[in-house]
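Engineer: Sequence:
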Amino acid sequence: MAHSPETPEAPIRPYAVTAAEVVPGDLLALSHEDAVRYRWHVVTHTLPEGPEVIRVTLRPPLGGVDHEEVLRREQRVTVAGRRMDVAAVPLVSSPALDGVEFRDGDRLRTLRAVDPRAEEVAYVRRWGTWHRDSAEGDAAGPASDDDVRRWAAAADREGDLVRHEPRPVRAAEATGARRVVVTGLGAVTPLGVGTAELWAGLLEGRHGIRELTGEEFAGMPVRIAGTVPVDPAGLLPRQTARRMNRAAQFAVLAAREAWADAGYADGGTRESGLDPERVGVSLGAILGDASVLVGGDRKLRERGPRGVSPLTTPMTVPSQAASQVSLDLHITGEARTVTSACASGTEAIGQAVDRIRYGRVDVALAGGAEAVVTPAIMASFAAMRALAEGDPADGSPSHPFAKDRDGFVNGEGAGVLVLESEEHARARGARVYCEAAGWGLSADAHHVAAPDPSGDGIALALRRAVRDAGGEVADVVHVNAHATATVDGDLAEARALRGVLGGREVPVTALKGHLGHLQGAAGGVEAVAAVLTLHHGVVPPTVGCGEVDEAIGLDVVRGEPRVLTGAGDLVLSNSFGFGGHNAVLALRRVA
-8 MAHSPETPEA PIRPYAVTAA EVVPGDLLAL SHEDAVRYRW HVVTHTLPEG PEVIRVTLRP
52 PLGGVDHEEV LRREQRVTVA GRRMDVAAVP LVSSPALDGV EFRDGDRLRT LRAVDPRAEE
112 VAYVRRWGTW HRDSAEGDAA GPASDDDVRR WAAAADREGD LVRHEPRPVR AAEATGARRV
172 VVTGLGAVTP LGVGTAELWA GLLEGRHGIR ELTGEEFAGM PVRIAGTVPV DPAGLLPRQT
232 ARRMNRAAQF AVLAAREAWA DAGYADGGTR ESGLDPERVG VSLGAILGDA SVLVGGDRKL
292 RERGPRGVSP LTTPMTVPSQ AASQVSLDLH ITGEARTVTS ACASGTEAIG QAVDRIRYGR
352 VDVALAGGAE AVVTPAIMAS FAAMRALAEG DPADGSPSHP FAKDRDGFVN GEGAGVLVLE
412 SEEHARARGA RVYCEAAGWG LSADAHHVAA PDPSGDGIAL ALRRAVRDAG GEVADVVHVN
472 AHATATVDGD LAEARALRGV LGGREVPVTA LKGHLGHLQG AAGGVEAVAA VLTLHHGVVP
532 PTVGCGEVDE AIGLDVVRGE PRVLTGAGDL VLSNSFGFGG HNAVLALRRV A
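Residue numbers (our numbering): -8 to 582.
Note that these hints are calculated values from the structure, not bench results. The model shown is predicted, which means the values in this text are computed figures rather than measured ones. Worth double-checking, as some hints may not be accurate.
Within a straight-line C-alpha distance of at most 20 Å, the following computed DMTMM-like cross-link-like pairs (lysine to aspartate or glutamate) qualify [what the hints assert, rightly or not]:
#, residue 1, residue 2
1, Lys394, Asp540
2, Lys394, Glu206
3, Lys394, Glu380
4, Lys394, Asp382
5, Lys394, Glu541
6, Lys290, Glu207
7, Lys290, Glu206
8, Lys394, Asp479
9, Lys394, Asp546
Generate the whole structure from the sequences, applying the supplied hints.
Structural biologist: Shown next, in the form of structure tokens:
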């Protein structure tokens, strides 16, 4: 239904002639009004019927059915000033669709064949309605099955072409990408230890942002952060905790909870009857625990080289969280660390999805862990004028998407998902939360810290995540936004979401009013919340957003939790980081 490669692209310059002057190949409009409306036909045949009349056979220039017109020889018609190869114009009819039973996933292609400039328009059927398959969306809105049948019935008469492409029925494949599902969740956050504390706090609209009262924070320009309310070292054996930095302690606690939540035995792979070589770890971190290196430097200056612990180096590297989880659960398949600024946790989950999809491992613990609430990091963020201020007793100082937002609140914690291939999970009778259906990456290539205000990089990651999940934009029912509460960052994300969603009212929530910005752990914790949103069918409200900035233009869930609509099945979880790192995770409901 596209242009024939042999169709000439000469410009159209209409002028009037008599019907007697028309020859095959002419582009002809029967009236001046038809020419103005770009309603042209190719003359395929002429036949004199008498001294006064001529019969012409006409076909739409991009293909269609023939029809005949009887014209007086002296009758004035309009030609386009260019001719076409008649043999290159297909003779084709649009099928009747009255008796066709449509299914979600079917495609429809339409073409205004009488207009030589026309481009094909594609629609896809999702959730009982037809949506234009375009990154720009469809200003006219979705179409019904009856609309589509009407289009097909009128197509030949109107000079249009309509093609229905049924969703392909795929045979089972012996090899190929495997479906990945989420079977376990674990979290350590400013709302408490465990996913139950996290979920209850989100639904109740509580926040975990606190004043930093430690002596080391005295004199800091900003002294609030989203801190975990308990000492993680006290929840682990003393000797074990001493060999871990704070971020690794968070990670191990979250991983243990996720492991147990997935139905595996305490202790790890061997106790669970798993081959440790078929299990992996994939965690995101920016620094891990910056305090270890700072403390080592201080001891060096105060006590000399003998005052520096031999554990300083292994406890400084960002990969310590992944290595400690693998040690704790005896996982030998792989232990990878992803460092891509604040997108680290989400990218780590995406990489684990691919490792399972393509058979490298069967099970993976994936997410992020971070502990960077330290004086040097706080001072650096304050110097950038990136931190919000305020009294946590008066409500959350973090105001995502709000008119009065003025920066983010630094935070810490960990969020971990257990991912596994669907056949592995089903074989052992595991409870499945949802499908980890796809993910998308992009880079802004704009600035070392500031986001691209166009939102183009974010939009690319969003589209790639939906496409990787095998879905359409119409499937998206909820977005867990990155929304750090910075002025420019929130605007760029909102602009990208509006463009990709095509004006659809999709409920959006942002959790940094509850938690602060957990840096490399943000993607892991927010993915846990997105999984629970799908599982429970409830969207948590956005805390700290008293009045939405009019420039945001999104359906921000505020005040009370909202029931998740059933007309779709994809939830997106967004993470974007300094330097233009963009990562989006797509989760899907499962029956």
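Engineer: Taking the hints in turn, state whether each one holds.
Structural biologist: Going down the list of hints, with the structure as the test:
no. : hint               : verdict
1   : Lys394 with Asp540 : 4 Å, holds
2   : Lys394 with Glu206 : 34 Å, violated
3   : Lys394 with Glu380 : 15 Å, holds
4   : Lys394 with Asp382 : 18 Å, holds
5   : Lys394 with Glu541 : 8 Å, holds
6   : Lys290 with Glu207 : 15 Å, holds
7   : Lys290 with Glu206 : 17 Å, holds
8   : Lys394 with Asp479 : 12 Å, holds
9   : Lys394 with Asp546 : 14 Å, holds
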